[in-house]
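Sequences are here, hints too, so could you generate the full structure?
Each protein sequence line maps, in turn, to chains U, A and G. Residue 103 in our numbering sits at position 101 of the first sequence, and the numbers go up by one each step. Residue 379 in our numbering sits at position 144 of the second sequence, and the numbers go up by one each step. Residue 497 in our numbering sits at position 496 of the third sequence, and the numbers go up by one each step.
Every clue listed holds true.
DMTMM-like, lysine to aspartate or glutamate: derived pairs with alpha carbons at most 20 Å apart:
1) Lys289/G to Glu232/G
2) Lys266/U to Glu631/G
3) Lys98/G to Asp162/G
4) Lys109/G to Glu680/G
5) Lys514/G to Glu335/A
6) Lys266/U to Asp629/G
7) Lys634/G to Asp259/U
8) Lys80/U to Glu366/A
9) Lys266/U to Asp763/G
10) Lys80/U to Glu358/A
11) Lys634/G to Asp260/U
12) Lys289/G to Asp61/G
13) Lys189/G to Glu170/G
14) Lys58/G to Asp161/G
15) Lys596/G to Glu555/G
16) Lys80/U to Glu313/A
17) Lys322/G to Asp358/G
18) Lys266/U to Asp678/G
19) Lys322/G to Glu194/G
20) Lys261/G to Glu232/G
21) Lys7/U to Asp124/G
22) Lys7/U to Glu129/G
23) Lys440/G to Asp358/G
24) Lys634/G to Asp453/G
25) Lys738/G to Asp405/G
26) Lys98/G to Asp161/G
27) Lys266/U to Asp757/G
28) Lys634/G to Glu191/U
29) Lys189/G to Asp358/G
30) Lys634/G to Asp193/U
31) Lys80/U to Asp357/A
32) Lys634/G to Glu365/A
33) Lys19/U to Asp58/U
34) Lys7/U to Glu310/A
Which residues of chain U face chain A? A partial, calculated answer using Cβ under 10 Å:
35) Lys7
36) Thr35
37) Gly108
Sample of chain A residues with no beta-carbon within 10 Å of chain U, all distances over it, derived:
38) Leu258
39) Ser322
40) Ala323
Calculated directly from the structure, the hints in this document are not laboratory data. The beta-carbon is built from N, C-alpha and C at its ideal position, and this holds for glycine as well.
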Amino acid sequence: MQALKYARAASVDEAVKMLREGGPTARVLAGGTDVIVQARERRRQIELFVDIKHIDEVMSMRMEPRGLTIGAGVPLYKIYGDAQIARHYAALAESTRVIGGTAIQGRATIGGNLANASPAADSIPALFVLGAVATVAGPNGRREVPATQFCTGPGVNVLLTGEFIVSIFFPALPAHTGTAWERFIPRNEMDIAVTNAAAMLTMNGETVTEARIALGAVAPRTLYVEAAAAALAGKPLTDASIAAAAVAARDAATPIDDMRGSIKQRKHLSGVLVERTIRRAAERARA
Amino acid sequence: MTTTSSNRIVINTTINGEPIEFLADMRDSLLEALRERIGLRGAKEGCNNGNCGACSVMLNGRLVNSCCVMAAEIEGAEVTTIEGVASAEGLHPVQQAFLEEAALQCGICTPGFIVATKALLDEHPHPTEEEARFWLAGNLCRCTGYDKIIRAVLSAADTMAK
Amino acid sequence: MVATPEKPTYKVIGTRPIRPDGVDKVTGRAEFGIDTRLDGMLYGAVLRSPHAHARIKRIDTSKAQALPGVKAVVTSADFPDVESGTLDLGEGSANPKWLVDNVLASDKVLYHGHAVAAVAATDPHVAEDALALIEVEYEPLPAVLDVREAMLDGAPILHDDLRTAERAEGMHADATKRTNVASHLQLKKGDLEVGFAAAEVVIEREYETSMFHQGYIEPQNASAFWNKDDELTVWTSTQGAFSVRDQISAVLRLPVSQIKVVPMEIGGGFGGKISIYLEPVAAVLSKKSGRPVKMWMSRDAVFQGTGPTSATYSRVRIGAKRDGTIVAAHAYLAFEAGAYPGSPVGAGAQCAFAPYDIANQVVDGYDVVVNGPKTSAYRAPGAPAAEYAVEATINELAEQLGIDPMELRLKNASREGSANAVGAPWPKIGAQEVMLAVKNHPHYLSELHGKDTGRGVALGFWFNGGMESSSTATINADGTVMLILGSTDIGGTRASLAMQLAETLGLTMDEIKPHVVDTDSVGYTGVTGGSRTTFAGGWVAYELGMEIRRQMVERAAQIWGVPVGQVAYGEDGVIVGPVEAGNERHMRFAELAGKLAATGGMISVSSTQRKNTAGPAFAGHIVDLHVDRETGKVSILRYTAVQDVGTAIHPSYVEGQIQGGVAQGIGMALNEEYVYDAEGRLRNASFLDYRMPVANDLPMIETVLVEVPNPGHPYGVRGVGEVPIVPPQAAIRNALKDAIGVNFYRTPVSPRVILDALLPAD
Ligand SMILES: Cc1cc2nc3c(=O)[nH]c(=O)nc-3n(C[C@H](O)[C@H](O)[C@H](O)COP(=O)(O)OP(=O)(O)OC[C@H]3O[C@@H](n4cnc5c(N)ncnc54)[C@H](O)[C@@H]3O)c2cc1C
Ligand code: FES
Ligand code: FES
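In structure tokens, the structure reads:
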């Protein structure tokens, strides 16, 4: 563990102040499941941890008609454990339920998953298809950043010095909408995704009125696969349209070969997972 | 929490129901603080990066990996470790079940499994085998192949239901 | 449980008492090596090589030394020069010169993670900071990581002075040729050419297996205090305290009488905690600082720097008659030893064809150094890779001949009196009993349903070890017996040994109090390994029990004033004298124990035994699995492990050994492996990426304990811990063939490998 200091922020403003004064080597400490390990292994230069878990707004969760707001410090188990979320935002519940194991989920957050900006981050494809928007506080006040624009590359995001995510907002989804998320890992838990995917479908009868498809671990950042969505939108959902979406996903994937998966495997899995999530999302949309 | 000179801090917290004050390095994880500063060595270091569960403890009623918590974070919190699972009257049913089902071989993973199992049964008193395996997937055991551990978990659930 | 008629009935043996050390372990009170805490102790840390192969040109430790809080820094220069030689480690042996070089590199680093220097400081964080201040100048050298490449002429050479030791009849090594091949051995039986000439079907296949780590959850650790009078005490987590003592003595050139090793509880070993790593480093740091020093490895250091098992390449050729009689077999085995010679290829060679009685067979084995960590023993060292290759080939042979795979195996089964790989007759073995139990098991007989599901079987063999064990038993006045043990207890041996003494004395398990002690406090005891502890320690317990019985009888005779010959020791622990005035004289064990002090003194006996009558073990596994063709993911649906266990002393711990071995074997078969980059750097040195099975990867593992008592043991013990890791790789590979029609020739068969086989080539 590199030498560092720990500070606890009691309010959003105090957190912003601490982060600004700490400069680029100050880091938000949310669940700590990424950042503590990174500091221990000296993978990032960190001199200050700013613990945001004693800020009420950051720890709260609210379901309103316009949508769902999840504080950036809310641990995953509270997210997937919420019956409303499981019902209305299935992809979010599915992805948060398998990040790490039970003990990791007691601490880890979606804010941390997003800010950490791993290409394989499991919640990010769900955030993409759910249209999630991060509320960011900083020295110049607040701004909203759509999840799709948040990460800029592996381990890097749009946040400026002094900024942090206060909460993440998930707009209410239209009627007859279903979402689903899935990943492939070699074991049944405790693995980093070889590939992950999420889908959102809004249906009118058997016709798809809107579709969103996201794909992870196959590019430097999570992909929002417009072409796959286009293969579905405005058409009846058929085996052929699903297959076309899967092909579009495979084509969009530009993965690398590493110890966790090969290019061939990841491209192939892109198609498989997109197909599977579309089918499950459709089932939910019809229900 | 008082910051002293250098990197040392005084931490006030509650461990296994006892208020305690101790001196830690700001770099200490909760696991390091428990083991090397406080002397509670029941939680083990198997990996130091969240992947084995040997360091499992309860933090404010929630199962966590103490290697992935900073010691400074437990200021004002409540921590329960394996040392706090048995009562003065005797073993917790989970501990008894692990003994009776021979759910340990070397025993290094056992404290973590017992803390994690107790957390499971507190939340889901009647888990299925599948639920138990899923809940415990973050706890590695290399000796048993999990068979007897899962049997112990299910048997403890039965005992506790009575 | 299936037992042969020879098995007697026992009172304690075969029951399932709660283990004596259980409460300590479920309450977190048990003191493992990593839990050692000594007054005034310093924390040590090790700097490791970032290169797979490099010359060390310069090490400058001055900045580290100057950091406040740092009390000592060591490099190989702080170690004495040691000579080449052979040091017996129990499971395998070591050359002290290589051993010390592995502990801290001298002129070259030979693998990524090779230890280079170490520090001791007042705080663990300071020790870590100090490592960053040590300057090492390396001259990187080309590295070789694969066994076949390392054998080629022109491959980068690890050791300039290494020459091939030729252990094959009629072959002579080139004494001038620099090489990475440390040895070649050949086992020969019958006439191979004649055998193959008679064969009607010949099948030849090639295989590869990855490096696998033992994966114990407790990292290596050592604490040491070197006193001013040169008395060294070491607290460590080891499979063999005496072996550690002897290794430290060899590398530090300190007499064994000045070294005390205190075996702490051990958080898993599987063969990996026999060799020393940190112990001498902690000792020298303590000597230099004058304070106790505690060290433990980080998980990545465990993966990088401690012994995995050999990666292997093998070729198996088998010839058979159409009726299934195997007439000839050849195996070529090349095992990676890691940075220093000493792979378990010899053991693998002897195990390869062990389940089968084949008249003409040859096994060639090569021990080859590569730029990886020095391999160490891992559960049945050498056997899993060698038998995987054979069991896979047998499966293909069965298919080609159209014979049921278990039928084919039974037809060729080894049995008592048939010749093993070195031509010696097998003693009483349970090979056929195991094969029959597999063939008749409801699992094997059941129908397998579902698309893309498959079933596989495979056999396994392991010798089991004998070696030396010592114990002392002391009777207390209340009739309890202290049992002092030299064997560290990794999985319930306190229980299994106490049970055997209880059985011998006719007492209950609760009346025996087992304790594991340090090397100053008990006679020489070999490692807990080689599946030997319950066997050899049991022999000692039995001898102790018989001696106690003799002395108790003597004492009773003295008390009663009758000839010893008229007193007998009853199986229920009652000492019975001759009838007097119509009344039988008798004393319960505890009653007599209470009289010992006043009638000549307490009784304490010690025994050391070394028996060569270990009973070999055979296993047969059946597995059902499902393959997701779209993702390549394998799910284990059902697993049954049949094994000849001799006598199951504590059946729960026997089952546990089998289940644990199976789980490790499943890991090898499906996901575990070492991944190196082109420069020889280990890419997956974490539990996250090494991928051992987690709880929801496995089903319940059914065990079938076949009891064919070992005639070479008073209670028929064979040893059970190792053989269960042997069959899974082949059983799973054979099941995959059944499920998706593909024969795989490497392990692990990870989802990526399966997809590669199922998807069209690009
Ligand atoms: C054993 C193990 C298994 C894991 N398995 C998975 C897995 O299956 N899938 C997966 O996706 N991940 C996995 N992870 C990674 C990790 O748990 C997740 O990424 C988690 O969601 C991170 O959340 P956190 O709150 O712990 O983040 P932290 O570690 O607290 O923070 C992560 C990063 O985000 C920054 N950050 C955190 N919160 C904010 C905020 N509100 N505003 C700005 N910046 C912020 C931090 O400064 C840091 O740089 C695993 C980790 C471990 C140790
Ligand atoms: S030591 Fe904390 S999870 Fe392994
Ligand atoms: S009992 Fe040894 S790791 Fe679980």
